[in-house]
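Student: Protein chains in written order, with this note's numbering: chain A, 1 to 300; chain L, 1 to 329.
Keep in mind that the hints were calculated from the coordinates and are not lab data. Misleading hints may appear alongside valid ones.
Mimicking DSBU-like on lysine-lysine, the simulated pairs with C-alpha atoms at most 30 Å apart in a straight line are [to be verified]:
| id | chain 1 | residue 1 | chain 2 | residue 2 |
| --- | --- | --- | --- | --- |
| 1 | L | Lys130 | A | Lys128 |
| 2 | L | Lys130 | A | Lys127 |
| 3 | A | Lys74 | A | Lys128 |
| 4 | L | Lys130 | A | Lys34 |
Quick caveat: nothing in here was measured; it's all calculated off a predicted structure.
Listed below are the residues making up each chain.
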Amino acid sequence: MTATLPTTAGRAPRHEVDPVLEITDLSIEYQAEKVVRAVDHVSLTLGRGEVLGLAGESGCGKSTLAYGINRLLKTPAVVTGGSVMFHSREGHTIDVRALEGDDLRFFRWEKISMVFQGAMNSLNPVKKVRDQLEDVFTTHRPDLGKKVRRERCGELLERVGVDRNRLNAYPHELSGGMRQRVMIAMAMALDPQVMIMDEPTTALDVVVQREILREITRLRSELGFAVVFITHDLPLLLEISDRIAVMREGRIVELAEALTLYTQPQHDYTKTLLGSFPSLTGERGGFVRDTGSTHAEEIR
Amino acid sequence: MRFVLQKLGFYAVALWAAVTLDFLIPRLMPGNPVDQLVSKLAQKGQVTPETRRAIELLLGADLDQPLWQQYLGFWGQIARGDLGRSVAYFPASVSDMIGQTLPWTLGLIGLSTIISFLLGVGLGTFAGWKRGSWVDNLIPSLTMLQSVPYFWLALILLYVFGLILGVSPLNGGYDPWNTFPGWNWAFIQSVIYYGTLPAITIVVSSVGGWMLGMRNMMVSTLSEDYILTAEAKGIHPRRIMRAYAARNAVLPSVAGFAISLGFVVAGSIVAEVVFSYPGIGNMLLQAVNSNDYALMQGIFLVITLSVLGANLLVDLLYGVIDPRTRARS
Chain A
1 MTATLPTTAG RAPRHEVDPV LEITDLSIEY QAEKVVRAVD HVSLTLGRGE
51 VLGLAGESGC GKSTLAYGIN RLLKTPAVVT GGSVMFHSRE GHTIDVRALE
101 GDDLRFFRWE KISMVFQGAM NSLNPVKKVR DQLEDVFTTH RPDLGKKVRR
151 ERCGELLERV GVDRNRLNAY PHELSGGMRQ RVMIAMAMAL DPQVMIMDEP
201 TTALDVVVQR EILREITRLR SELGFAVVFI THDLPLLLEI SDRIAVMREG
251 RIVELAEALT LYTQPQHDYT KTLLGSFPSL TGERGGFVRD TGSTHAEEIR
Chain L
1 MRFVLQKLGF YAVALWAAVT LDFLIPRLMP GNPVDQLVSK LAQKGQVTPE
51 TRRAIELLLG ADLDQPLWQQ YLGFWGQIAR GDLGRSVAYF PASVSDMIGQ
101 TLPWTLGLIG LSTIISFLLG VGLGTFAGWK RGSWVDNLIP SLTMLQSVPY
151 FWLALILLYV FGLILGVSPL NGGYDPWNTF PGWNWAFIQS VIYYGTLPAI
201 TIVVSSVGGW MLGMRNMMVS TLSEDYILTA EAKGIHPRRI MRAYAARNAV
251 LPSVAGFAIS LGFVVAGSIV AEVVFSYPGI GNMLLQAVNS NDYALMQGIF
301 LVITLSVLGA NLLVDLLYGV IDPRTRARS
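Isolated chain L (complex conformation) (with noise of 0.2 Å):
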């Protein structure tokens, strides 16, 4: 339990600190971002005083309030879940961007991460427990799929699938024509059918690293003293390679699927803009594109809180599979 607050504890110093640092970075910035927003935003139509006014309060150029004050103010924003209002797409507000991209952005690059993980986990784990064997052998090609650029990747499997066999759809998420976005079969059937080739790349540039590192953990703790002695107790073979080689030699790739899990969100940008997904990286693309700074900080905001939540999750799970971890009291 102690262990599991102080986990918390320094969880919320770094959010503290992520956050002030995020309200800060603009207000250090030289320059007056708000005239450039404004007429940049004058230039589609007119510009609401709630607009000039959402955009100075986020980005922090209103110089009536000492700094404590807008400080508050910011953090009054963030629990409210108001991030100020998109330029790009204006006149959506950033948290109904964020709320509408992300669910994309989860379900298929976080989806694609964890079969990536559980797939090259449980090959690694094959591999290295029947060294020599065909799932040993398939590493050098799939080490070889993830040295190659994904973009490059990306792109001829899409030219592949998508344009030559025709199997698989060219771009988006859904087909927007024929279904209609909730709970409905025709729509769920129809996100699958258009994630499935993005998921399909993404899971065959990563899959050989999380094989690799799996087979050589599980290589070394195969010749620990445990194994021969739980070999010398008469374990079952598949118990020895579940519960004692595979269960110690997957604690490293835990901590990289920690990593990886925290850049979901933010490593998202490539698959999403090859494909055109309406994920959150395309949506990132485009604000960088058009200046759309309330957009940036708002993404900004979730891939720190998604990179931060990540690691703690790892963090406290890290203690309990891996008891040496633990502090002691």
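This is chain A alone, in the form it adopts within the complex (with noise of 0.2 Å):
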């Protein structure tokens, strides 16, 4: 699908040069009692170090193919076919679905770690930040001393802008963007090729959001991984990422750079989508709510 979409002329874009996630024709099914295919025949492919941005309206199955890429999911869930690529960059090429077992749990976070949904909820409230960060060298690097695991933990946190002493601290102890800007510094850890952002602001108030996102940004410049940002915000996007792909129905319905999208989008839903947020300077009232019906069911 990616071959039809218009990406800008020019220079070869890095997503066909130096690729680091190739997804080819990915279907996701819930084979509940009435089969649901959240994810149809989606292709992408996705850039070192770029940002690519996945918009589109709740259930049309964004969050599910997210899942799938590392492979989350859980029944009913099934990825009934296609294929997911990762090229290290180290020059080796994984299979991802084809992944079992411990190798699959390496795979995991050492190279695509994730940001979920509800950061309120992604930490443990029983355990202390500490630990959860810990958990995650404990895991991956085994043969780690604990200070030296103990002096990471105390970087990351500080590389997101969050005090050292908050290791001690319980996830009910910090405010809503500190417990976001812990995961993310969860998700550094390990120094993964690529970044999945489930929708990683949606909860938290515009100031906050925009502290993280710039935290984001600066983050990815400086150590250059990729983020699959996943968002319903298509203006939040349009500022943040490279290449947009907007998803509906299980299906991406276009996928061009950032300012193509939004100053030429070709399908009639990014359209829509794009004259569903008021502008500040246009008339009054002048935007269209009305985005049909949907049969993809609510995902997660």
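These two chains come separately, so use the hints to put the complex back together.
Tutor: What follows is the structure in structure tokens.
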């Protein structure tokens, strides 16, 4: 599908020259009593260090796609076809769908880390922030000494602008923004090559949201990981993404550079989405709310 | 530290209130229990003035003293461990009788409560983790065993294992003919032999509840976001089960465990009567049957203390295992 979509000509785009993640024809079904195809033959290529926005209304399958990439889906969700290829920066290619057991476990977070929708609930309420951060190292870097581990955790927190002392705090002692920062710190712990962010700022107010986004943008330019940023907030994506994929009913209806998508949307749905956000300067009441019905069920 | 002191303070007040009620209630009762007891004692033999005095002191019938002095005296007695003399087991003192029976109860009921809790929580963890497995399918039959009246279940098991199969003794806590109480192997062996069937009946009749509760908490904890995060982090499934899911799911069970620990002393009556076990529950029944007020009062005091003590212990423990409950200063 990517091939048919317009990209700005000129120099070859990053995702074609040096892809880090290639998703081809991925299909995911919820095999409940009524089978729901939540992701329908989706193909996506993520360039190294690229920010790819994934936009779409609730229930369009964007979270399911994200979980499908990292093999986090639970029954009744089943990946029915397609492939997910990960091209490591060390030069080898990993077929994510073929990973099993410990291989899959070590692949997760090491290569692709995630920041989840409900950051408020992503931290275990009865474990200290330190223990939850250290868990990553004890799992993936078992030979790391205790002192080094502690030091790393402190550095990670400071990198996202949270005081080192907060390591000893419990999640309920942190504000929502701080918790999300802790989650981002945790996602960066192993220097992953891809970070999937599933609506990481949805539960936060706009001021904190802005700070977090700035943090993510800064960290990405420092560390060079690629980001799949999932949200229903298209204007936000326009601002931070290199390319944006618009998803609807499990299909990617349009994929283009952010600017192209904004200025020359091709698909009607994209136009509707863009039109459904009020503009500061336009005429009063001039946007459409009716986006039509969806058959994909509400997912996660 | 502040949290601990607050809790200790609260329990000190609760203890004071309980003991004061223990002191006041006999005084508020109509009639004179001293005469009743003395006439009862007189049937068995001569009543010494010392006994009468002890009963008077304990029940507050000593009208020469003002109430506050009696109250202080009562506290002094408790502090010295002097709870008066038993009527039913005359001339043994109440504290001696309690000292004799309490270890049996703590050993049998306490141990089987702990075993039942650990077993139930362990099985429940697995049942919740692997839903639909054989462990999960065990739950309906175990909860059915719990809904069966305990005395009936115990009698049936006693009948089958004690009488028909003959693999278990019919009553008592140890073999009084061939062994002598003390720290010798023969006695300990005999205690284990005699205690196994009662313990099994208690565990069988209570394990289902623990298991069901733990299993359901596991299921709801497993759908929490932090479990998904832990999975995405690549943490070993066994570690997720223990450190993330079971760790959080066990919290309500711990609170329930506190309550049942507190009632180990009080709730042992049926089990001990069915198996004629020499514990405190059996003794309480004897005390009630023979109107032994002093003994009853002593046992109630022990029950109060054990309920308070178990609750304090778990309150403090809960503060450790669930940081959210710690009061912020």
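Student: Given the hinted pair lysine 130/L and lysine 128/A, is their Cα-Cα distance within 30 Å?
Tutor: 27 Å, holds
Student: Hint check: lysine 130/L vs lysine 127/A, CA-CA at most 30 Å. Holds or violated?
Tutor: 24 Å, holds
Student: Given the proposed pairing of lysine 74/A with lysine 128/A, does the C-alpha separation stay at or below 30 Å?
Tutor: Roughly 27 Å separates the two Cα atoms, so the pair holds.
Student: Between the alpha carbons of lysine 130/L and lysine 34/A, is the straight-line distance 30 Å or under?
Tutor: 25 Å, holds
The structure meets every hint from the earlier list without exception.
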